[in-house]
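Visitor: Protein sequences, first through last, are from chains L and E. Going by my numbering, the first sequence opens with residue 1, and the numbers climb by one from there. Going by my numbering, the second sequence opens with residue 324, and the numbers climb by one from there.
If you are wondering where the hints come from, they were derived from the structure by calculation, not from laboratory data. Treat the hints with care, since some could be wrong.
Said to hold, decoys possible - Now the stretches of chain E that chain L is said to cover, found in silico as 3 or more residues with beta-carbon under 8 Å:
1. 410-420
2. 447-453
3. 540-554
4. 589-599
Cβ coordinates follow ideal geometry from the N, Cα and C atoms, glycine included.
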Amino acid sequence: MRRLIWLSVVAACAIAYPLLMSSPFQQRLGALVLLYAIAASAWNIVGGYAGQVSVGHVVFFGCGAYAAMASYAKFGLSPLFGIPGGIVLAVGLAAIIGVPTLRLSGHYFSMATIAVAETVRLIVTNTEWLGAAVGLSGPTVPRNVFDLSFLSSLPYYYLFLAVLVITLLVTWWMTNSRMGFYLRAIKDSERAARSLGAPAARTKLYAYMLSAALTSVAGALYAMMFGFVDPESGLGILISVKILIMAALGGAGLLFGPLVGAAILVPLEEISNSWLGGKGAGLTFVLYGAIIVLIARFQPGGLLALFTRRRKPNADTGAGHAP
Amino acid sequence: MSFVLVQVIVGGLLLGAVYALFSSGLTLVWGMMNIVNFAHGDFVMLGMYVAYVVYTLMGGGPLLGAPLATLVLATVGVVVYFTLIRDIMKGPMLAQILGTFGLALLLRYSVFWWFGANFLSMPPNIVGGTYAFAGLRIEASRLLAGVVALLVTLGLHLLLTRTSLGSKMLAVAEDQTAAQLMGIRPDTMQAIAWGIAAGATGLAGALIANFFYIVPTVGETLGIVAFVTVSLGGFGSVPGALVAGLLIGVIESLSGYLIGAVYKDIVVYVLFLLFLWFRPQGLMGKS
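Bound conformation, chain L alone:
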């Protein structure tokens, strides 16, 4: 019951936000928070619930972004057509990448995903058809509503809100299904889960593919909002890092963790960028780095874990070591 009240409050705030905060900067900020929350929630499925820390999720983000922009730049179609294309591409790629890499445990999986992401970025940077280092652009002026290119951030805000709700519903449904129980068992101990008959390899792969599909949608929406994609904005490793940090800051493996993380980090980045100008980019990531180090050191379960600890007294926060 209390949970339901909280949910309604959060939902009401989310719906009312752009109406109360009506400046273009604030509306854009809100839309970006929701967009990153979608990507981070998608990452959470495999990184949070299954405990497979992928640092290469930007590949799937790039699938969506490039599919959306290529469908316009190459075929003159609405970027909207790119979304299903991007999903197919991302799920296919996830299967190809996932089968060999998901066998690797812990750090090795993370390193392999970095190598895959960097390889894809280098290949795309050298592929003329995909615009090489310059990238691809979408419609410069809004043609019709199916292009999903709007002048104001308001339509984007509600579009992203709808997609985020779908993403969270999928995640919630998954965690309460058989798959969710398998994933948590795998996260605790893969060997134990296997010995009890959980199909670990298959479950991890399905989670990875689901996560890839949702990440590609986030990538496509990102590309549509900005109207262009290049190797840095669509496939740069820093996108992966941002997604991962948001999930970890809020609470990896918690339904609303990524949303909380995005709601803290996106305003932080946007405000520091607008205050510091071009030089701010460096300082923003210094801040990012410092925040991650501090979470890892003092609150590895994420901020939301502070509130859920009461219910799970045995939650492994890993920070019980006196110096």
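With the hints as your guide, set chain E onto chain L.
Guide: For chain E alone, kept in the frame of chain L given last:
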């Protein structure tokens, strides 16, 4: 075989020795504590910048820059161990990855913020000119880097296998509790390992700074080179890192020459994935 090809291979071997040097640092902490330092490449980058700053402030070239970079980075390594690593080692996997990854961002973008994104370089001929041996032309700075790196890597191997400090460190790697019962302090040994590992990256960074481009993001690529070297050579094996480092240097140079400069990184990444796939325990590592 054409002279050019021999030249390319020799260049690859000299660079490979430097790869071996900083990778042996990574393999040391990896083998000993089972923690992967995602900031390892950025330590090398820091070494390059220390050498650069030492040169611009005091001059003196690598003779002054290399020892100072080694010292500074060794200190950084020990400080990082006590403030961060010691605690995240006991935490969950996500915290371990986040901790060193966050450190990497912190170092990379602090340097970016301070020095900007511009490519810096040391003045040419800082170590002397170019030598010619039987038709081969070798830059003195590359020769110096390769030879020093090779000697120091061998020295590290001897330190680990022939001295009592080395035995104590290996004992901690083998079984912490047992080592503690024998009167060895695991904390001290692990801090020393971090000091040595980071010191090696400082030296390697100072050595390649003489002929490499110096840029805040250089550590990203170098970090992956170190991962490939360690997974190829076996986790915890310094001789493995040496052989693997030389091999990767040569493969990288050859693919850069034969296929094209942009593809040499792709070749390294693909090699890495193949090695992880087929032999996660490495060439000389224990399974």
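Visitor: Does each hint fit the structure? Answer for all of them.
Guide: Consistency of the hints with the structure:
Counting residues of the stretch 410-420 of chain E whose beta carbon lies closer than 8 Å to any beta carbon of chain L gives 10, which meets the minimum of three for the stated coverage. For a cut-off of 8 Å, the count of residues in the stretch 447-453 of chain E with a CB near a CB of chain L stands at 0, and the three-residue condition is violated. Closer than 8 Å: that is the beta-carbon criterion, and the stretch 540-554 of chain E has 4 residues meeting it against chain L, so the requirement of 3 holds. Figure legend: the stretch 589-599 of chain E, annotated as covered by chain L; annotation consistent (6 residues with Cβ-Cβ distances under 8 Å, at least 3 required).
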